[in-house]
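Residue numbers (the working numbering): 15 to 235.
Take these hints with a grain of salt, some might be off.
[As the list claims (entries may be wrong)] Result set (SDA-like, lysine to any residue): computed pairs, CA atoms no more than 20 Å apart in a straight line:
#	residue 1	residue 2
1	K132	G159
2	K112	G162
3	K156	I146
4	K79	P56
5	K163	L83
6	K197	L83
7	K112	R54
8	K132	P55
9	K142	H63
10	K195	R174
11	K145	E155
12	K79	P55
13	K181	N107
14	K195	K142
15	K132	F110
16	K156	N136
17	K181	P56
18	K112	Y143
19	K156	K181
20	K132	L83
21	K163	I64
22	K112	E155
23	K195	H66
24	K112	H160
25	K163	Y143
26	K112	S92
27	K205	R87
28	K197	T96
29	K132	K156
30	K145	K163
31	K132	R174
32	K205	P56
In short, the hints are calculated from the structure, not lab data. Computed from a prediction, not measured in an experiment: that's the story for all the values here.
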Amino acid sequence: MRPRKPPSLSPPPSPSHSPSPKTPSPSPPSSTLLPPFFARPPPSTYYTHIPHPSERGVFTPSPYKSLLLPHWRFRTPSLARTSSSILYAHFENFYFLKDFVGMEMARKFIQMGMTRAKRYANYRGGRKYVKIREGKRLQMEKSEGHEGKEEKEEASRDFREKWEMCKRHEGYRELREVYLKEKREWEASHKEEVIVKKEEEDDGVSTKTRPRKRRKVDKDA
């Protein structure tokens, strides 16, 4: 008669720690990227953000810009892979912190890396428009075979991969709904602050009425 095999002494994995195939794991990323002094901005700043699927407002909210911009690079495929991976790690880290605006800003930087690299792939020197007269500009024709075109195509693909992951992230969509609900509640309980901010915008204090300066941070970053 064959001897019975002794039972394993290692405990079975807890089902509570098994991530759902649809919902991302709530555990933090393997490395904490946020500096110890990082803190979510006050509600008067945090709840003024308006979610938008484009890159609009990527340079506006603080302190997110200061944290994410130094990691935004797309000059070579190697830099793009590193950059997109770090930015996506920030994206997941903000999910763990339940900071939707942080997730939104990380997603915007990833998306901007994709579109900027693609622009340099399509246009020599990344110049899509040429100024023809005051207030008027003309879109240039796409160039072919220019130096660095293939590298920028690959860099754009690296960012696109992470951008698609952001779009599929269910936690991102869930936090968006939570954020919009909290934003409505905060605005309802702080009507005076909201009215004052609106009056400032109407008086021309808003950045929309200030002369726009061309940002040069995307010059073959």
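Status of each hint after checking the structure:
1. K132 with G159: holds, 14 Å
2. K112 with G162: Not satisfied, since the Cα-Cα distance of roughly 39 Å exceeds 20 Å.
3. K156 with I146: Holds, at about 18 Å.
4. K79 with P56: Between K79 and P56 the Cα gap is close to 16 Å, so the pair holds against 20 Å.
5. K163 with L83: Status violated; Cα separation ~24 Å.
6. K197 with L83: Answer violated: K197 to L83 is near 26 Å, above 20 Å.
7. K112 with R54: holds, 10 Å
8. K132 with P55: violated, 33 Å
9. K142 with H63: violated, 29 Å
10. K195 with R174: Given pair K195, R174 is violated - Cα atoms ~30 Å apart, limit 20 Å.
11. K145 with E155: Holds, at about 14 Å.
12. K79 with P55: Holds - the C-alpha atoms of P55 and K79 are around 12 Å apart, at most 20 Å.
13. K181 with N107: The hint holds at about 16 Å.
14. K195 with K142: violated, 39 Å
15. K132 with F110: It is violated: about 31 Å lies between the C-alpha atoms, which goes past 20 Å.
16. K156 with N136: Judged against 20 Å, a Cα distance of about 5 Å means the pair holds.
17. K181 with P56: Violated. K181 to P56 sits at ~27 Å, over the 20 Å cutoff.
18. K112 with Y143: Not OK: K112 and Y143 at ~39 Å, beyond 20 Å, violated.
19. K156 with K181: violated, 28 Å
20. K132 with L83: Within the cut-off at roughly 19 Å; holds.
21. K163 with I64: violated, 35 Å
22. K112 with E155: violated, 44 Å
23. K195 with H66: Since the Cα atoms of K195 and H66 sit roughly 16 Å apart, the hinted pair holds (cutoff 20 Å).
24. K112 with H160: violated, 44 Å
25. K163 with Y143: holds, 18 Å
26. K112 with S92: Violated - the C-alpha atoms of S92 and K112 are around 30 Å apart, more than 20 Å.
27. K205 with R87: Since the Cα atoms of K205 and R87 sit roughly 40 Å apart, the hinted pair is violated (cutoff 20 Å).
28. K197 with T96: violated, 34 Å
29. K132 with K156: Satisfied, since the Cα-Cα distance of roughly 11 Å is no more than 20 Å.
30. K145 with K163: violated, 23 Å
31. K132 with R174: Between K132 and R174 the Cα gap is close to 10 Å, so the pair holds against 20 Å.
32. K205 with P56: Answer holds: K205 to P56 is near 16 Å, not above 20 Å.
Against the hints set out earlier in the document, violations occur for numbers 2, 5, 6, 8, 9, 10, 14, 15, 17, 18, 19, 21, 22, 24, 26, 27, 28, 30.
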